[in-house]
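Q: First to last, the protein sequences are chains D and W. Using the numbering used here, you'd call the opening residue of the first sequence number 1 and step up by one each time. Using the numbering used here, you'd call the opening residue of the second sequence number 1001 and step up by one each time.
Treat the hints as calculated values from the structure; they're not laboratory data. All figures in this text were calculated on a predicted structure; none of them were measured in a lab. You may find that some hints are simply not true.
[Unchecked claim] Across the chosen pairs, the derived CB separations fall in these ranges: (1) W/W1045 / D/A45: 45 to 55 Å; (2) D/E174 / W/V1065: 33 to 43 Å; (3) W/L1262 / D/V199: 26 to 36 Å; (4) W/F1037 / D/I227: 28 to 38 Å; (5) D/F102 / W/A1255: 21 to 31 Å.
[Claimed, not checked] To spell it out: a stretch of chain D is covered by chain W in this simulated footprint if at least three of its residues, at any positions, have a beta carbon under 8 Å from a beta carbon of chain W; those stretches are: (6) 27 to 38; (7) 66 to 76; (8) 129 to 139; (9) 153 to 160; (10) 165 to 178; (11) 215 to 226.
[To be verified] Mimicking DMTMM-like on lysine to aspartate or glutamate, the simulated pairs with C-alpha atoms at most 25 Å apart in a straight line are: (12) D/K230 / D/D140; (13) D/K134 / W/D1264; (14) W/K1218 / W/D1238; (15) W/K1218 / D/D245; (16) D/K185 / D/E170; (17) D/K230 / D/D245; (18) D/K185 / D/E174; (19) D/K185 / D/E243; (20) D/K134 / W/E1046; (21) D/K134 / D/E176; (22) D/K185 / D/D100; (23) D/K105 / W/D1264; (24) D/K134 / W/D1166; (25) W/K1218 / W/E1038; (26) W/K1090 / W/E1038; (27) W/K1218 / D/D172.
Don't be surprised by glycine CBs; every beta carbon is placed ideally from N, CA and C.
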Amino acid sequence: MSVRADAAALPARPVRGGLACAAGPAVGGALATAYISLIVLIPLAAVVVESTAGGMSAFWSAITGAQAFAAMRFTVVVSLAVVAVNILTGTLIAWVLVRDRFPGKRAINALIDLPFALPTIVAGLVLLALYGPKGPAPFDIGFTRIAVALALAFVTLPFVVRSVQPVLMELDREMEEAAASLGAKPATVFRRIVLPNLVPAIAAGAGLAFARALGEFGSVVLISGNIPFKTEVASVFLFGQIESDNTAGAASVSVVLLVLSFVLLLFVSWISTRGVRRGGG
Amino acid sequence: MVVASSRRSRITLRVIALGYLALLLAIPVAMVFYRTFEHGFGSAWEAVTTPPAQHAFYLTCLMVVIAVPLNTLFGVGLALALVRGRWRGKTLVSAIVDLPFAVSPVVVGLALILVYGNSGWIGGWFADNGMRIIFSTPGMVLATIFVSLPFVVREVVPVLREIGTDQEEAAHVLGAGPLQTFWRITLPAIRWGVAYGVILTTARSLGEFGAVAVVSGKIEGQTETMTLFVEQRYQAFDLAGAYAAAVVLALLALAVIAGMTLLDRRNET
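Could you build the full structure based on these sequences and the hints that come with them?
A: See below:
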């Protein structure tokens, strides 16, 4: 529900008769632009400027430095793995929540939003309490790459579920019934009828989850141990660089992250626009 | 035969889905509650009522009290301007309003330091006039506003589109001014969307860690919010303190989810 990436994609209603006082929205728009500039736009521009403060060669050497590169590569790989897991489990959970009936379903449905509501540092601590060195679980994953994946899976859980759920709810079941009555097995019905309808929603949720995983910090910082070249993710590397006053180097790596997440955001809004156009006929 | 096998596969799917949720979400969260209260309620209460804990709680509340009203005003205003208005830069603003969701919290912190830090673009001017922004409360407020900025806009824009302009036009024709139309017609129609956005903004403001960590300097008892306090206690090997503070934050998160569920039910009826 918090993942309404499609909101901006709907066609705007034309304003008839210069209603609601044409000046009102214009002034509001100017104020909003000023607010968003001071807090979001100018600071992000400063990051881009700072990244090129030492010229292109400094930028290049900052992002190809051994530790920076290892951190970025690990972040991308582990995020991709977590997104793959999310595609499977997220679709499965959405399916179970929409099509299955069992006692306590409402509570489970509410629980899905917990990773959005729970502070990320608490998420990391919670996983550490169960699967960490002093936890009761039969294994200890503290300070391993698996731990990073687990933390990312925790914080990105709602994206695919909340993206697929509404599509599944509105899906017309007549096609599935027709296919089943013609002798198709449930697995075939899912693969040939249901899945093609879900692909845009799955892709949108996966894109948002990927963007979130790339930049995640709070949930990873305690459980990963932040071992360079092993469990250090890009945001933790950045944090260290900022603390040791290497802002130019940190800004360079930030720009790489910014570009990646911006591309993902564009991808998600492109997917949603397509979905709306198709759905709207 | 077919019915039996489809029933069996349905139960298999259910068990896998619920098992995943239990292992990833429910059991770990329950574990922290158990660890917090295993030595009784008293010791947990002591851990979250020490002076540093109280100050951290006060700072977190301060973040919420400043960031939520500002972002709500901005959110409703921008949603109105985006849906009802036509102005220069509208396309650009609607494209960047979601940006805070996609930016790593650490990058947010760095961005704010580069502008508002003592050697930043405009931070130097503030420093000359005796105002410290970074490594102080104003910077932490800015970071909190940054990360929680899009929620209200996102929740209100679709509602505004859905209700259309018919009622507003009617009010206008009958002689209502723009302000009167807003208070009497528009605001009542979007109130649940605003409420939902406010709840999400509050949750994010309470729980922000990375961006606040970068700009706070993490000075114990001074620039430490609840989330920073949790980390600091853990790093100081005070697990009981970390768990107890985490439970306070988790209870707030559960309250947020309860609020969202209530609003959803109200929307359905």
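Q: A separate judgement is required for each hint: does it hold in the structure or not?
A: Against the structure, the hints:
A C-beta distance of roughly 47 Å is found between W/W1045 and D/A45, which places it inside the suggested range of 45 to 55 Å. At about 52 Å, the CB distance of D/E174 to W/V1065 disagrees with the hint of 33 to 43 Å. The beta-carbon spacing between W/L1262 and D/V199, approximately 33 Å, falls within the hinted interval of 26 to 36 Å. W/F1037 and D/I227 have their C-beta atoms about 33 Å apart, which keeps the hinted 28 to 38 Å range intact.
Restraint check, D/F102 to W/A1255: a C-beta distance of roughly 26 Å satisfies the suggested window 21 to 31 Å. Here the stretch 27 to 38 of chain D counts 8 residues with a CB under 8 Å from a CB of chain W, which clears the bar of 3, and the coverage holds. Using a Cβ-Cβ cut-off of 8 Å, 0 residues of the stretch 66 to 76 of chain D lie near chain W, which falls short of the minimum of three, so the contact claim is violated. With 6 residues having a Cβ less than 8 Å from any Cβ of chain W, the stretch 129 to 139 of chain D passes the three-residue criterion, so the hint holds.
Given as covered by chain W, the stretch 153 to 160 of chain D passes the check, having 3 residues with a CB less than 8 Å from a CB of that chain where 3 are the minimum. Here the stretch 165 to 178 of chain D counts 0 residues with a CB under 8 Å from a CB of chain W, which misses the bar of 3, and the coverage is violated. Only residues whose C-beta sits within less than 8 Å of a C-beta in chain W count toward coverage, and the stretch 215 to 226 of chain D has 6 of them, enough to reach three; the restraint holds. Only pairs whose Cα atoms come within 25 Å are accepted, and D/K230 paired with D/D140 is accepted, the gap being roughly 17 Å.
About 39 Å separates the Cα atoms of D/K134 and W/D1264, which puts this hinted pair outside 25 Å; it is violated. At roughly 17 Å between alpha-carbon atoms, W/K1218 and W/D1238 fall within 25 Å of each other, so this suggested pair holds. Of the supplied pair hints, the one linking W/K1218 and D/D245 holds, its CA atoms being roughly 15 Å apart against a limit of 25 Å. Restraint check: the Cα-Cα separation between D/K185 and D/E170 comes to about 22 Å, which is no more than 25 Å; the hinted pair holds.
Simply put, D/K230 and D/D245 have alpha-carbon atoms about 23 Å apart, close enough for the 25 Å limit, and the pair holds. With a C-alpha separation of about 15 Å, the suggested pair D/K185 and D/E174 falls inside the 25 Å cut-off, and the hint holds. Note on D/K185 and D/E243: the hinted pairing is violated, with a Cα-Cα distance of about 58 Å set against a maximum of 25 Å. Of the pairs offered as hints, the one joining D/K134 and W/E1046 holds, with about 23 Å between alpha carbons and a cut-off of 25 Å not exceeded.
Proximity of D/K134 to D/E176 is assessed by CA-CA distance (about 49 Å); at most 25 Å being required, the pair is judged violated. For the suggested pair D/K185 and D/D100, the alpha carbons sit about 18 Å apart, so the restraint of at most 25 Å is met. A hinted pair counts as satisfied when its Cα atoms are at most 25 Å apart, and D/K105 with W/D1264 qualifies at roughly 15 Å. Between the alpha carbons of D/K134 and W/D1166 the distance comes to roughly 62 Å, so the proposed pair goes past 25 Å and is violated.
Under the criterion of a C-alpha separation no larger than 25 Å, the hint pairing W/K1218 with W/E1038 is inconsistent with the structure, at around 30 Å. Of the pairs offered as hints, the one joining W/K1090 and W/E1038 is violated, with about 55 Å between alpha carbons and a cut-off of 25 Å exceeded. Taken as a hint, the W/K1218 and D/D172 pair is broken in the structure, with Cα atoms around 54 Å apart against an allowance of 25 Å.
Violated hints, in rising order: 2, 7, 10, 13, 19, 21, 24, 25, 26 and 27; the structure is consistent with all others.
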